[in-house]
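Peer 1: Okay, here's what each chain looks like letter by letter:
Number of protein chains: 2
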Amino acid sequence: MTNPVLVEVLRGEHVESFHRGAWAVVDAAGAVVASGGDIERPIFPRSAVKVLQALPLVACGAADHFGLDDAALALACASHGGEPEHVAVAAQVLAQLGLDERALECGAHWPGFEPAKLALARTGEEPHPLHNNCSGKHAGFACLGCWLAKGQGQEFRGFLSGYVQPDHPVMQTVSQALEAATGFALRDAPMGIDGCSIPTFGIPLRHLALGFARVASGVGLSADHARAAQRLRQAVARQPFMVAGTGRFDTRVMQHFGERVFCKVGAEGVYCAAFPEPGLGVALKMDDGNNARAAEVAMAALIARWVQRDDDDADVLAPLLNPVLSNWRGLRVGALAPYAHFLASASSSK
Amino acid sequence: MTNPVLVEVLRGEHVESFHRGAWAVVDAAGAVVASGGDIERPIFPRSAVKVLQALPLVACGAADHFGLDDAALALACASHGGEPEHVAVAAQVLAQLGLDERALECGAHWPGFEPAKLALARTGEEPHPLHNNCSGKHAGFACLGCWLAKGQGQEFRGFLSGYVQPDHPVMQTVSQALEAATGFALRDAPMGIDGCSIPTFGIPLRHLALGFARVASGVGLSADHARAAQRLRQAVARQPFMVAGTGRFDTRVMQHFGERVFCKVGAEGVYCAAFPEPGLGVALKMDDGNNARAAEVAMAALIARWVQRDDDDADVLAPLLNPVLSNWRGLRVGALAPYAHFLASASSSK
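Here the protein sequences come in this chain order: S and R. The opening position of the first sequence corresponds to residue 1 in our numbering, with each subsequent residue numbered one higher. The opening position of the second sequence corresponds to residue 351 in our numbering, with each subsequent residue numbered one higher.
Mixed in with the good hints there might be a few duds.
Said to hold, decoys possible - A few chain S residues that don't get close to chain R, going by computed Cβ distances all over 10 Å: (1) 85; (2) 192; (3) 231; (4) 289; (5) 309; (6) 312; (7) 321.
Unchecked claim - Part of the chain R face toward chain S, derived, beta carbon under 8 Å: (8) 352; (9) 359; (10) 369; (11) 382; (12) 390; (13) 411; (14) 415; (15) 416; (16) 417; (17) 471; (18) 541; (19) 587; (20) 588; (21) 637; (22) 640; (23) 685.
Hints were generated in silico from the structure; no laboratory data involved. Just so you know, these numbers come straight off a predicted model, no measurement behind them. All C-beta atoms, glycine included, are put in the ideal place defined by N, C-alpha and C.
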């Protein structure tokens, strides 16, 4: 099955490149409201499912016990740019546990937000694990691990060691939440290692969208996971800077839409979203997965179709639907655009 | 026409992403030796045709007159990483003309080579036009412009101003060379503005490959352009660092293959190459064009098929055919690979 073209890249008025992909919009009953392309092939959702992976952190009581606030919970769902505010919140979570960045097993990389990267370089320092875009998620894992260790009467530093391994109690708990939300059995799923060293499981887009419809509505989740989903959506709506950062798609969308949209990018062209008002979940993956540019435009089109209701919404979405490409002298040389008919020609069960 | 899958991206043992594209291998008589996908649709070749754009610089005598050496000529064909050696050579060319970086109209950007970028940031300085990956090409344009001004008895600084505009004598001369080499009329071609502000013309892959078959063999070029092509290929073979930089595909390939391969990456997933031994030219474009990762693997496969002859060649190509993907902790998490049958299933006229 050849997936449809979702996004075109124009230079001047001519198509220079184009991106194919598949997408699904699903309700909490599991009905496919609309879709395009192959939504049954397992794909690695990468960082797009961080909110699902954070459900047990809140549901089990660990987040409340250790005093995680909105910023910390938003950061647990984040792929942040390593800006000083992100680093500070991750450090604070670890400090509340009596830990520091040495507890994190995500590895270090330079901040993704370019000015933060250059500023760090100018200080002469090197990046550490708190700059890793996943440091908030890993701080959340550490928090969950401390809670599990406490429940088992174990010393938490020793217990935490190796928490990124698939068979560690922390990762088992996280994977169970992912399986419960998506309704897809992970035991036989394709498995890979993610950028931050935790396992990533191949899950069909239809199931990922179902997981996000459940996050949107609470329907189909256990009572404690439904409450956790609502709490995490609220936290991100209140602290949208924490989920991404300066100028980033997810931050810009949620700064405006608040709890009306929860959206989250993943590596290799993945996007997932929960739309609470219509009670829908969305998942998409660009075939080429090369970076986020096309996935963002496709996600903007899906938000415009299922969430947008007034001119203010449209004004916020306009530059995300048609991002301008400028060259090194600042000249406008092109733009991205959703492929004209990708929503109109979608298959639908309704 | 849906272009075929050329490259797969594996995470663990599972296909995470894949890249479609089109490619053509053409001889100097214009025969399509092998191809895949749509090779008649005009595509923007971007920086992949810098060697064609440098032909008049050498052919008209400007390069010799102003004393451009191998490094300067290789840099004129380059998309370099902004390493200190690249910056120094570009500065030297301008100095030989009595100019400095203020003459360049390419704009400034941070060095593409990460350590050079961080090193520059640590000094507290900002990038200038010599760091632009196209600064060598633009220094070549300045050199050509000074020569043309001299021929017309004009003051060269005033003459140079606006040299990136399509109707400027410098750009007219460069575009005529591009048209002559590819045999594709640019008057009616799609036109866009490139990253460095010069025009880029939409040219079918079949014609781009023909242009590089002519560069490979000299056949079909005017005598002075044929000599210029040979001189430029020699210069890059002698100074392969200048054409790209540390760790880069083009540098690695030409450090080993020397004059047996001239290959050059372009933005948005374009690659062109000249293979002098079999007298072939190659051009490819990945549909998604998102970055160079897939185009490089496809180019490695084409070099392996049409140039490789012994174990040393194979050893150099092996890591380029199957680049390893590592995560932030240095764990091997995946690899890229040419799609198994993209060469075997190619259409061929021979």
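Peer 1: Taking the shortest Cβ-to-Cβ distance between residue 321(S) and chain R, state whether it exceeds 10 Å.
Peer 2: For residue 321(S), whose nearest Cβ neighbour in chain R is about 19 Å away, the distance exceeds 10 Å, so it holds.
Peer 1: Would the stated hint for residue 471(R) survive a check requiring a Cβ distance to chain S of less than 8 Å?
Peer 2: 4 Å, holds
Peer 1: Residue 289(S) clear of chain R by more than 10 Å, beta carbon to beta carbon?
Peer 2: 3 Å, violated
Peer 1: Per the CB criterion, is residue 416(R) less than 8 Å away from chain S?
Peer 2: Since chain S brings no Cβ nearer than about 25 Å to residue 416(R), farther than 8 Å, the hint is violated.
Peer 1: A closest beta-carbon separation below 8 Å is what the hint needs, so does residue 541(R) meet it against chain S?
Peer 2: Holds, because the Cβ-Cβ distance from residue 541(R) to chain S comes to roughly 6 Å (cut-off 8 Å).
Peer 1: Does residue 312(S) sit more than 10 Å from chain R, CB to CB?
Peer 2: 32 Å, holds
Peer 1: Does residue 637(R) meet its interface restraint, that is, does its C-beta lie within less than 8 Å of any C-beta in chain S?
Peer 2: Holds. Min distance 6 Å.
Peer 1: With d taken as the least Cβ-Cβ distance between residue 309(S) and chain R, does d exceed 10 Å?
Peer 2: 33 Å, holds
Peer 1: Can the hint on residue 369(R) be confirmed by a CB-to-CB distance to chain S that is less than 8 Å?
Peer 2: With Cβ-Cβ at 5 Å, under 8 Å, it holds.
Peer 1: Holds or violated: residue 382(R) as interface residue toward chain S, Cβ cutoff 8 Å?
Peer 2: 23 Å, violated
Peer 1: Would the stated hint for residue 417(R) survive a check requiring a Cβ distance to chain S of less than 8 Å?
Peer 2: 28 Å, violated
Peer 1: Hint residue 640(R) vs chain S: min CB-CB distance below 8 Å?
Peer 2: Given a least distance of 3 Å, the restraint on residue 640(R) holds.
Against the hints set out earlier in the document, violations occur for numbers 2, 4, 11, 12, 13, 14, 15, 16, 19, 20 and 23.
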